[in-house]
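Asks: Put chains Z and A on the given structure of chain V with help from the hints.
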Amino acid sequence: MDSMFWNRQVETLERTALETLQLERLRLRIANALRTPLYQKRLFRAGITVPEDIRSLEDVRKIPFTVKDDLRQSYPKGLLAVDMKQVVRVHSSSGTTGIPTVIFYTQGDLDRWTELLARGIVASGATAGDVFQNMMSYGLFTGGLGLHYGAERVGLTVIPVGGGNTQRQLQIMKDFQTTSLHITPSYLLHIHGRMAEFGINLSDLSLKRAYMGAEPHSEPTRQKLQELYKMDIFNCYGLSEMNGPGVAFECHCKADPHVWEDAYIVEIVDPATGEPLPDGEIGEAIFTNLIREALPLLRYRTRDLAFIHPEPCACGRTHRRLSRIQGRTDDMLIINGVNVFPSQIEEVLMSIPEVGNNYMIHLTSRNGLDRLTVQVELYQKLFTGDLSQIDTLKGTIKDRLRASITINAHIELHEPGALPVFEGKAKRVVDERERL
Amino acid sequence: MKIKQISVFLENRKGRLSEICSMLGAAGVNIRALTIAETETFGVLRMVVDKPAAAMDAFRTHSVTANQTEVVAVEVPDTPGGLAKVLDILTDNDLNVEYMYGFVEKFTENALLVFRFDDPEKAHQTLKANGVNVVGEHDIESL
Amino acid sequence: MIWNEKFETMPLEELKNLQSERLVSLARYVYDNCPWYKRKFNDVGVGPADIKSIDDIVKLPFTNKLDMRDSYPFGLFSRPRTDLVEIHVSSGTTGNPTLVGYTRDDISLWGEVMARSLCCAGAVPDDTIQIAYGYGLFTGGLGAHYGAMEMGLTIIPTSSGQTKRQLKIMQDFQPRILACTPSYCLYMADDAREIGIDPRTASWKIGVFGAEPWSESMRSEIEQTWDMLATDIYGLSEIIGPGVSQECTYKDGLHLYSDVFYPEIIDPDTGKPVPEGQDGELVITTLTKQGIPLIRYRTRDIVSLTYEPCKCGRTSPRTSKIKGRTDDMIVVRGINVFPSQIEHVLLGIEGTHPHYQLVIDRGAHKLDSVEIMVEVDERIFSDEIKRMHALEQKIKKEIEAVLSIGVTVRLVEPKTIARSEGKAKRVIDKRQL
Chain V
1 MDSMFWNRQV ETLERTALET LQLERLRLRI ANALRTPLYQ KRLFRAGITV PEDIRSLEDV
61 RKIPFTVKDD LRQSYPKGLL AVDMKQVVRV HSSSGTTGIP TVIFYTQGDL DRWTELLARG
121 IVASGATAGD VFQNMMSYGL FTGGLGLHYG AERVGLTVIP VGGGNTQRQL QIMKDFQTTS
181 LHITPSYLLH IHGRMAEFGI NLSDLSLKRA YMGAEPHSEP TRQKLQELYK MDIFNCYGLS
241 EMNGPGVAFE CHCKADPHVW EDAYIVEIVD PATGEPLPDG EIGEAIFTNL IREALPLLRY
301 RTRDLAFIHP EPCACGRTHR RLSRIQGRTD DMLIINGVNV FPSQIEEVLM SIPEVGNNYM
361 IHLTSRNGLD RLTVQVELYQ KLFTGDLSQI DTLKGTIKDR LRASITINAH IELHEPGALP
421 VFEGKAKRVV DERERL
Chain Z
1 MKIKQISVFL ENRKGRLSEI CSMLGAAGVN IRALTIAETE TFGVLRMVVD KPAAAMDAFR
61 THSVTANQTE VVAVEVPDTP GGLAKVLDIL TDNDLNVEYM YGFVEKFTEN ALLVFRFDDP
121 EKAHQTLKAN GVNVVGEHDI ESL
Chain A
1 MIWNEKFETM PLEELKNLQS ERLVSLARYV YDNCPWYKRK FNDVGVGPAD IKSIDDIVKL
61 PFTNKLDMRD SYPFGLFSRP RTDLVEIHVS SGTTGNPTLV GYTRDDISLW GEVMARSLCC
121 AGAVPDDTIQ IAYGYGLFTG GLGAHYGAME MGLTIIPTSS GQTKRQLKIM QDFQPRILAC
181 TPSYCLYMAD DAREIGIDPR TASWKIGVFG AEPWSESMRS EIEQTWDMLA TDIYGLSEII
241 GPGVSQECTY KDGLHLYSDV FYPEIIDPDT GKPVPEGQDG ELVITTLTKQ GIPLIRYRTR
301 DIVSLTYEPC KCGRTSPRTS KIKGRTDDMI VVRGINVFPS QIEHVLLGIE GTHPHYQLVI
361 DRGAHKLDSV EIMVEVDERI FSDEIKRMHA LEQKIKKEIE AVLSIGVTVR LVEPKTIARS
421 EGKAKRVIDK RQL
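Protein chains in written order, with the working numbering: chain V, 1 to 436; chain Z, 1 to 143; chain A, 1 to 433.
Same shape as in the complex, but just chain V (with noise of 0.2 Å):
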């Protein structure tokens, strides 16, 4: 093995021959879908009939949309495209709302997962020495099981603690000198505010790197927790529907994380027409899993709001780089007409030094009008006391916010550990507006 490729064939690739194997894969995904009834009707009536109507690359475009909700219209078993007996894993999305989506996977569709999970681990230079300690929580949620099995592909020591107990996590960090993690970054955040509480320095810890997913967050949180930690963090992107975490990882560059274009086809859209937009350019992803029999997804409609970084990274990868989330096209929020991301919001809070790691954002309306107010925690280290200090803060806060959003936000301080704390994913948004 290559030190920082797994495979180190696939992963340099060249482009043209890597839009090749796209090609052929992407038959074979249209051959699986032809045998669900969803599939067969909308590609029919696309006129595709046989994979071979798929002549070039650019025939993606001609493929229908796949939505979230034809997931759940088909659940249980609509979408499964071989016989139940050759599929050995259901995981199943957190279904809070409704009706759960689940997804399907043959061995050979797990091996494969499992291989982009293993490239991804060595991209970021862990090697068969390292303790990984994996906090994401076990079960139907793909977090846990997706990196447990990346990582014992590569022989890292895993150590399968899933979510929670904060106390626990710590020691063990301690006890077996735990070099990597993956975690969510506000689970990140509250532990470390908590590491005195327990007695633990950072000394006493040896970690080295995290892998981070499962919800957004900005390049000022990344490096706000690098510098909390002294470690390397890493985004990995994924999603259950394209098999779980591991689609997109970043490389030891740490310069937004390489979609696995053998795995999957990545497009970016305009949310509104669904015409593909040119990289460099924000838009919808739309993926389709060029790696899993059980169950065909073709242009997937994430809901994810990114763009594809056009220039190639300096570690050699010819698989593009997919930005950070810049935000949901179902959680963008139009306040007084204006289109707002939480992101955006976050990434002006993080650029500030005397705020803390937590914050909440609160929409009410008055009179017709939207009022946002954001309530932020003060970081104790850089707080005096002094009242001036305060007013201040608040005075840049709300500066920086109307540059960014164009926005007048009410600015509420708050003393450290007074706002909700998240272990799992952070609800920050909290809309109490009138609904007209």
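Possibly wrong hints are sitting among the right ones.
Stated by the list, open to error - The calculated DSS-like cross-link candidates involving lysine-lysine, where the alpha carbons are at most 30 Å apart (straight line), are: (1) Z:K4 / A:K386; (2) V:K85 / A:K415; (3) A:K394 / V:K427; (4) V:K174 / A:K396; (5) V:K427 / A:K396; (6) Z:K14 / A:K386; (7) A:K415 / A:K394; (8) Z:K51 / A:K415; (9) A:K386 / A:K366.
Unchecked claim - Where chain A lies over chain Z, by a calculated footprint (3+ residues, C-beta under 8 Å): (10) 39-50; (11) 62-69; (12) 89-97.
Keep in mind that the hints were calculated from the coordinates and are not lab data. Note that beta-carbon positions come from the ideal geometry of N, C-alpha and C, so glycine has one too.
Replies: Chains Z and A alone, transformed into the frame defined by chain V:
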């Protein structure tokens, strides 16, 4: 001057309060003021008595968990706004009240209230300086 | 079907030769690779050369839970830490947790014995299994997962909890196999009826139940409620996790895979073997494990053992269900709880040593509850309710962090907890196990 308050840990069960009171009765201790703060499973009985030492002895004999804390008892004019006036003094001087309660009986024209402060010494000085009548231990015994 | 005919139906004579061969290499292996065992062997004046057959096992020293704790974390390793691909940690008696480490081959062994167990319970490769044991550090979830992977079953890794979702998944995917704790299986019946599911119509036909002791009466209750076959699985994380032994469909004792886990039954007081069929402490030697092999590990579980052939054709010896413990460990919702752990936490709070008592109960909902009664004395009493609440919460949180299960804490008055000869009884177990 500050006076001694006795607090007792009580489980929420039937008859427990009367058992406690009987112990004090048998020891010849008179309760001057009391309050109970309770939660779902336990409560804390707080009281001011005429003979704190005898009360503590009785509790110790009966393995009842009790401790003594310093509180401040003040006379509050029994007129509308009387209490508010005292509380204003506390607020103005940044004195934090943990809890408060009244005496069971009335001994003078004024009402007697027990205050538990973070800092009883400071509270005592401040109230006196503001002309509030603070009741002393001897006053309690002789009530 | 029998997963591994060769080993599971091996004639006893041949099995004994295999065990002898494996013990001879094991003794040499740990002596050469684990300084702790080398010292231990030297202490009793035995060397690898003295071990010529499985009968010589009695010459070797015992290993017990305290040895694991005292050598935490890496003392009992026979291989460098970097050879481990997985580490599990369970809470120990006090202080240090117990560590379980697996090399890649150990994980394969785990998959193998769990596959044998699932087959033994009646699973076939086309089956779908719902694994409702907790995933994570607890070995139940991932152990069953590896066995089901080895067998090629369709796995639905629901992990524990979220009962309504468990039931929905059961209805939607019709798994025939359910793996969870027996009390959780019973607990789910109430929720099923509540949402209009007749438990007898459920797709689950085979249950692989373990991680806590359970009785024959509980078995019949489960079988009648769910119209399923309820089988018992046994294991302990020090040895490998679940998959040490398992009942076959005849439900007449648990088949112990003695080609890899060599069993002895001893008198816990004298350490001498007891005659076949008599109750005693189960002692296990891991014949083929690599990362942390254990010699004569004292499980503290009281069972009896028989070598009588079973109707299913397996030649492996069978143990009875667990009849008791040689220590005060109790199992609550699959988690091992030692009263000493509670003591340890209480000692750390305000430096006091209050009297306490654990009350374990199985409520109307069939789930075990743990209540910790703590006597309030003057050292921890405050007249301020908020401080008392904070104390209660602190005790609760710290105990939960150590035990990994939810508990309730009740502050009580002194002398509430009954004492016999001045010593308080630490555990009241009201469950009908």
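Asks: State for each hint whether it applies.
Replies: So, going through the hints one by one against the coordinates:
no., hint, verdict
1, Z:K4 / A:K386, "holds (20 Å)"
2, V:K85 / A:K415, "violated (62 Å)"
3, A:K394 / V:K427, "holds (27 Å)"
4, V:K174 / A:K396, "holds (24 Å)"
5, V:K427 / A:K396, "holds (27 Å)"
6, Z:K14 / A:K386, "holds (24 Å)"
7, A:K415 / A:K394, "holds (22 Å)"
8, Z:K51 / A:K415, "holds (26 Å)"
9, A:K386 / A:K366, "violated (33 Å)"
10, 39-50, "holds (count 5)"
11, 62-69, "holds (count 6)"
12, 89-97, "violated (count 0)"
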